[in-house]
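Colleague: All chains, please: the whole structure from these sequences, using the hints.
There are 2 protein chains.
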Amino acid sequence: MINARVIVTLKNGVLDPQGKAIEGALHGLGFTGLSGARQGKVFDLALDTDDRAKAEADVAAMCEKLLANMVIENYAIELN
Amino acid sequence: MINARVIVTLKNGVLDPQGKAIEGALHGLGFTGLSGARQGKVFDLALDTDDRAKAEADVAAMCEKLLANMVIENYAIELN
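Sequence lines, in order, name chains L and D.
First residue of the first sequence: 1, per the working numbering; consecutive thereafter.
First residue of the second sequence: 1, per the working numbering; consecutive thereafter.
Keep in mind that a hint or two might mislead.
For identical chains, the list gives no copy identity; a pair is met inside one copy or between any two copies.
Listed below are the simulated DSS-like cross-link pairs for lysine-lysine, each with C-alpha atoms no more than 25 Å apart in a straight line [stated by the list, open to error]: (1) Lys20 to Lys54; (2) Lys65 to Lys54; (3) Lys41 to Lys11; (4) Lys11 to Lys65; (5) Lys20 to Lys41; (6) Lys65 to Lys20.
No lab work stands behind these hints, which were simulated from the structure alone.
Modeller: Below, the structure is given as structure tokens:
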């Protein structure tokens, strides 16, 4: 069993309205020392294999087919 | 300037319908070697300070007030 963590974030330059909303809310709560906020997604996946190369390849394929929108998002894979 | 990454995930035992939906969709795409999927949030914050202790404390307060639902979620902070 291999556990994989995928972090999906917006590519640089892509507008992040959700991040802007969070930044505004945090300023409203008094956190003035904040000059930027961007939000992304994290996926924790349990894989039924002990082959790390296969796990990496499978998770990359999962990202490209479903977990990340490859036009506007990047993904990073960590295997534990 | 310090960049902080916050990862917010559901506590163990909390039902994750979104994760279940992703798991089902990935199985439908032919990824049968997957025995679990859970989704969380990631926040990349730019902080106007060079004081790491202050940054850590501020981000923890941001998590407890806004970014995480402390009843059902955990948060982890990474400072870069």
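Colleague: A separate judgement is required for each hint: does it hold in the structure or not?
Modeller: So, going through the hints one by one against the coordinates:
1. Lys20 to Lys54: Only across copies: Lys20 and Lys54 sit 23 Å apart there, 38 Å inside one copy, limit 25 Å.
2. Lys65 to Lys54: This pair counts as within: shortest intra-copy Cα distance 16 Å, inter-copy 40 Å.
3. Lys41 to Lys11: Close inside one copy (13 Å) and across copies (16 Å); limit 25 Å.
4. Lys11 to Lys65: within (17 Å within a copy, 27 Å between copies)
5. Lys20 to Lys41: Answer is both: 16 Å inside a copy and 15 Å across each meet the 25 Å cutoff.
6. Lys65 to Lys20: between (28 Å within a copy, 17 Å between copies)
Violated hints: none; the structure is consistent with every hint.
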